[in-house]
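Q: Here's the letter readout for the chains.
2 protein chains.
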Amino acid sequence: MHDLLIKSALFVTCDRNHKIVYDGTMAIRNGRITALEPSDSDAAGQLQAHKTISAKGRLVMPGLINMHCHAGDSLFRGLVEGLTLESWLRRVWIAEKAILTPQTTYLGSVLGLAENLLAGATTVMDMFWYPNETVRAANDLGMRLSTGGIFFDLPGIGDRMHVNYIKEAETFMATHQESETIFPAILPHGSYTVSPEHLEDAKAISDRYGALFSTHAAETQAEQSDISNRYGKSVIRHLEAHDLLGPRSILAHCVHVDKTEIKMMADSGTIVAHNPMSNLKLGSGIAPVYEMLDAGINVTLGTDGAISGNDLDMWLTMRLAASLTKGVMMRADVVTAKQVLHMATLNGAEALGQSKNLGSLELGKAADFIVLDLNSIHAVPMFDPINHLVYSTSKSDVRDVFVDGKQIVRDGKATKVNMDQTIENVRALAPSIKASLE
Amino acid sequence: MHDLLIKSALFVTCDRNHKIVYDGTMAIRNGRITALEPSDSDAAGQLQAHKTISAKGRLVMPGLINMHCHAGDSLFRGLVEGLTLESWLRRVWIAEKAILTPQTTYLGSVLGLAENLLAGATTVMDMFWYPNETVRAANDLGMRLSTGGIFFDLPGIGDRMHVNYIKEAETFMATHQESETIFPAILPHGSYTVSPEHLEDAKAISDRYGALFSTHAAETQAEQSDISNRYGKSVIRHLEAHDLLGPRSILAHCVHVDKTEIKMMADSGTIVAHNPMSNLKLGSGIAPVYEMLDAGINVTLGTDGAISGNDLDMWLTMRLAASLTKGVMMRADVVTAKQVLHMATLNGAEALGQSKNLGSLELGKAADFIVLDLNSIHAVPMFDPINHLVYSTSKSDVRDVFVDGKQIVRDGKATKVNMDQTIENVRALAPSIKASLE
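Each protein sequence line maps, in turn, to chains A and B.
According to the numbering used here, the first sequence is numbered sequentially starting from 1.
According to the numbering used here, the second sequence is numbered sequentially starting from 1.
Incorrect hints may appear among the rest.
Any copy will do: because identical chains look the same in the list, a pair fits if it lies in one copy or spans two.
Below 30 Å or equal to it, Euclidean Cα-Cα: the simulated BS3-like pairs (lysine-lysine) are [what the hints assert, rightly or not]:
| no. | residue 1 | residue 2 |
| --- | --- | --- |
| 1 | Lys338 | Lys259 |
| 2 | Lys19 | Lys233 |
| 3 | Lys51 | Lys416 |
| 4 | Lys167 | Lys416 |
| 5 | Lys7 | Lys434 |
| 6 | Lys356 | Lys338 |
| 7 | Lys56 | Lys167 |
| 8 | Lys7 | Lys413 |
| 9 | Lys413 | Lys56 |
| 10 | Lys356 | Lys56 |
| 11 | Lys19 | Lys434 |
| 12 | Lys56 | Lys416 |
Source of the hints: derived by calculation from the structure; they are not laboratory data.
The structure presented is a predicted model; accordingly, all values stated were derived computationally and were not measured.
Work out the full structure, taking the sequences as your base and the hints as a guide.
A: Given below as structure tokens:
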């Protein structure tokens, strides 16, 4: 006896072979996928479960994996506009410092993670102050989260010192190392805000635990100049010189990377989190996604925070990832829909070391899936489901979301958190947020 | 006594000065805006109407104006993928020729115009076969439409000859020249598909009626080479040589234009319809929007057809228009949210010669407006309504749409056409559409 059957849906599995089951039935037991068969097969006919959901006219696929976010920064959506990264960050840090406490960080994290969730992301890699609050928000919503201790040499929130960051990162790591929903990571902010010695301290913790390591890298030309001036090397070469590349290293952005650096990253198994919306809006540039894919780099996708890209929409992110390179290279055959769909699913699972568990609908994997409406006008006609997902799907098509077989979004609403109350609380805080920069 | 009051909304007027009324009341009589006052003013308190709608917590703005579309091509959404314009067009034309009749064109036009409408566009400039069918679709939905006779020297649908195109264009022009909802235009396909002599014939009709003239121009590098080889000139110079630029000339795309050509266009008052999504996806390139705006060109926005960009979403179009140039120029201060909001509203109205009537919420103008939900999670917090509209708004926020004071979308549904039936009819046709390219 299974726990749940999802019947009569169009399943886009996102497995290695991009298998599609046009009319399928999926069974779930103990939070795992236990069967996925054509609905008219004998095997499907014999499936029995405590609960059955008919999903006729709907598309079911794995939950999306957002590999770079600052969910709590959703509190500051639209507050700082028209500035490039460096001058923008100086304003952002003032606002963050004035507003962020554990309580407001929790509020912002619920807002940002829920926006991810309602748009179909079930797993988010998040870098922010007070990571325990982001964990609390993810747990409350029922999502998976990769986060952990940050490192930051400038005066940060709470004026913590490097020794505090080390201690907090270690504690976080020890607390969550066995978790199946929280994937602990070590998150130094960037090579322009953290010294090489402190980056190495951070890396040492990640190595000791075999844990993920993520940092901002090669986002802007100004950053390249800064790092070159300080260390006589470009950002990626600087990271390489300090042994910070590797298959557990997730570099956010990588807009400004040359061929040699792309090869360094590919050879070392380094992962890229591509954030096209944020890179455009902050005037950072357009990352060489074709070259990175061509070199064999695992390219994943991120929304970045809503303070830079203004929303947290993995569908927009996919669409930009698929389209920008075509425009820049003036070729329509580069960065295919299939590649992009994997960037948003299986590639993220691999980056997190969770490919046995997440990123595709396959037997034995966790039942993290989303149910999309196919009756919206932009879904008609639909000749190819993968093209539809990358080029036509809108976040409003996401109706239901399940993590570990449990429904956490029903008909477009979070089931476990009162979002109306969250929105009201954010609105109540908004005047103070605005005043923080006045 | 007014016909209708819209009370307690946040009004973004999109007038020249970007006036915003944070809590306003708008009155409508005989399809015109007759008052727009702060709700707490004496003037607002004295407004009386047959019907009052409370729009508390909502944002009201003018209907969007989509300046380049092929609505009927929505039948072919996602059918031809991964090809650049020229090879893509050869496939598109085969499918169009196999499928399009007046009946199927009507069906596709309803699908495409309704997608525009539900996403907040109240006026669409459309270029397609059987323009009378697109007119019928717009009338049935209650929208405004600019369209008219096309010109095409290759074998087209119905194998019409140039003389037929002339006749049909003239008839269309004569029929609609007094209309307040159908703005007749002369629409030769492009300088690579219509000879200079035939372009001049087309222009002569538009001159005789003082009517709009629109064509595809400078979309790809291949088009530039083609026109240079044939005529010894770039596309814009070729158009200029045949006196086809001017304040009634709307050129779709203009991706490949140099400084001299931009000056030619600016000096002649030529209008650009910028289609960023289509230009990216077909590998056409990225139009120099900053340079065109800087030269004083009226830049408007278009979605192009769903066969190229895969949906008809003016919000995505705005967001790309605002963001792409920032990424390409690596500057965050170019192409502002205010400029982009005008591109999607008032600039379109001016391009259509309708700036006294459309494009902003001002006294005496037509009551073409849309009502947006502000309670979606991506709308919280909202520090600046114009940034919100350009960078965070999603088409699913559009709840109600009015044209001429009449409600044609209510809570996200078209009021005048049965869209479920339309969707069913498109799905019934889909196997034939697919087979047309097999």
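Q: Compare the structure with each hint and give your call.
A: Here's how the hints hold up against the structure:
1. Lys338 - Lys259: Result: close within a single copy only, 24 Å intra versus 38 Å inter.
2. Lys19 - Lys233: So Lys19 and Lys233 fail the 30 Å test inside a copy (44 Å) and across (49 Å) alike.
3. Lys51 - Lys416: For Lys51 and Lys416, only the intra-copy Cα distance (20 Å) is at most 30 Å; the inter-copy one is 39 Å.
4. Lys167 - Lys416: Close neither inside one copy (32 Å) nor across copies (64 Å); limit 30 Å.
5. Lys7 - Lys434: between (48 Å within a copy, 27 Å between copies)
6. Lys356 - Lys338: within (20 Å within a copy, 47 Å between copies)
7. Lys56 - Lys167: Neither. Shortest intra-copy (51 Å) and inter-copy (49 Å) distances fail the 30 Å Cα cut-off.
8. Lys7 - Lys413: Result: close both inside a copy and across copies, 22 Å intra and 28 Å inter.
9. Lys413 - Lys56: Close inside one copy (20 Å) and across copies (22 Å); limit 30 Å.
10. Lys356 - Lys56: within (28 Å within a copy, 49 Å between copies)
11. Lys19 - Lys434: Answer is between; shortest inter-copy Cα gap is 21 Å, intra-copy 48 Å.
12. Lys56 - Lys416: Cα proximity of Lys56 and Lys416: in one copy and across copies (25 Å, 27 Å).
The structure is inconsistent with the numbered hints 2, 4, 7, although it conforms to all the rest.
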